[in-house]
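Last residue of the sequence shown: 252 in UniProt numbering, with the numbers rising by one and none dropped.
Hints in this document: simulated from the structure, not taken from any laboratory.
Just to be clear, a hint being listed does not mean it is correct.
Straight-line Cα separation of at most 25 Å, DSS-like style, residue types lysine-lysine; simulated pairs [what the hints assert, rightly or not]:
(1) Lys70 with Lys50
(2) Lys126 with Lys50
(3) Lys50 with Lys147
(4) Lys70 with Lys126
(5) Lys146 with Lys50
Computed beta-carbon distance windows for the label pairs [claimed, not checked]:
(6) Ala162 with Met76: 25 to 35 Å
(7) Thr194 with Asn138: 22 to 32 Å
(8) Gln183 with Phe124: 46 to 56 Å
Virtual Cβ for every residue (Gly too), placed ideally from N, Cα, C.
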Amino acid sequence: MHDTDYKKVQSQISDQGHIQSDPNTETIGSSSTPYLPEVGQLFNSHDEAKDAYMGYTGNIGFNVRMGSTKINDQEMVGRRMLCSKQGYAPSTAMANIVNEKKQRRIKFLRSGCLTMIYISLNRFTKLWRVVNFIQDHNHPLVTPSKKRYLLVNRVITPLSGALFQSLNTSNISPSDQYCVAAQEPGGFDHIQFTPSDLSNMRRDDRCNIIQRDADLLIELFEKRKNESDGMWVRKGFPNTSGINICVPKGAV
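Based on the sequences and whatever the hints tell you, model everything.
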């Protein structure tokens, strides 16, 4: 890249470190007008570009599926993000021949939608640029009343997570927890997650607690072994993925 090109790129960076789009369009991240991707737009990072596109898809009314990723020298330099209806689902007859099992009924199948965006990293400036953007869909978009159910719009905020932990401590049922959480944004029509998201969060929390307890137990046994090396032996147990722990001699 020539010095003049580099200076031109640098001139697009605002004093706050954010990238500005063409003067004829809105500034990226502006709340006054909805963001619309355009070829040539620049971003400070991959996550910034991804978040901007996710906000666009949630506002328009469709889900995103991550596509191909280009890696160069163990560094990601390209990312393609697709419409969730890109491609075609296998026919039921062919799927039954291959899997020999009853197929799950899906209401909305893929329709071969070509909507996508491709962003690429300039390794000289460390800026991400929109290289290709296809906007048109070949299927109806989600209605405004259903946009909150899109995966890109569903999130459990840290404040809601802390509230659920407090309610769990008080032995409040999950259904009642969801009702309490719905009061904060002004009702069920404004809540940013579904009961399934709450159940998934509770499941992940339980898995994390079990893993943390197992790590603490193994750490305790290792500490006891180091304190009295002759009284402890390593022993493997079934269903522990080959993990050996230290137990007292004569123990099961």
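Just to be careful, I want the Cα atoms of Lys50 and Lys147 compared with a cutoff of 25 Å; is the pair within it? holds (19 Å)
Taking only the CA atoms, is the gap from Lys126 to Lys50 under or equal to 25 Å? holds (15 Å)
Taking 22 to 32 Å as the stated bounds, is the beta-carbon spacing between Thr194 and Asn138 within them? With Cβ atoms ~27 Å apart, the hint holds.
Using the Cβ atoms, figure out if Ala162 sits within 25 to 35 Å of Met76. holds (33 Å)
I want to verify a distance hint. Is the separation of the beta carbons of Gln183 and Phe124 within 46 to 56 Å? holds (51 Å)
Taking 25 Å as the top limit, are the C-alpha atoms of Lys70 and Lys50 close enough? holds (15 Å)
Given the proposed pairing of Lys146 with Lys50, does the C-alpha separation stay at or below 25 Å? Status holds; Cα separation ~22 Å.
Verify the proposed pairing of Lys70 with Lys126, using a straight-line Cα cut of 25 Å. Holds, at roughly 15 Å.
Hint violations for this structure: none, all hints satisfied.
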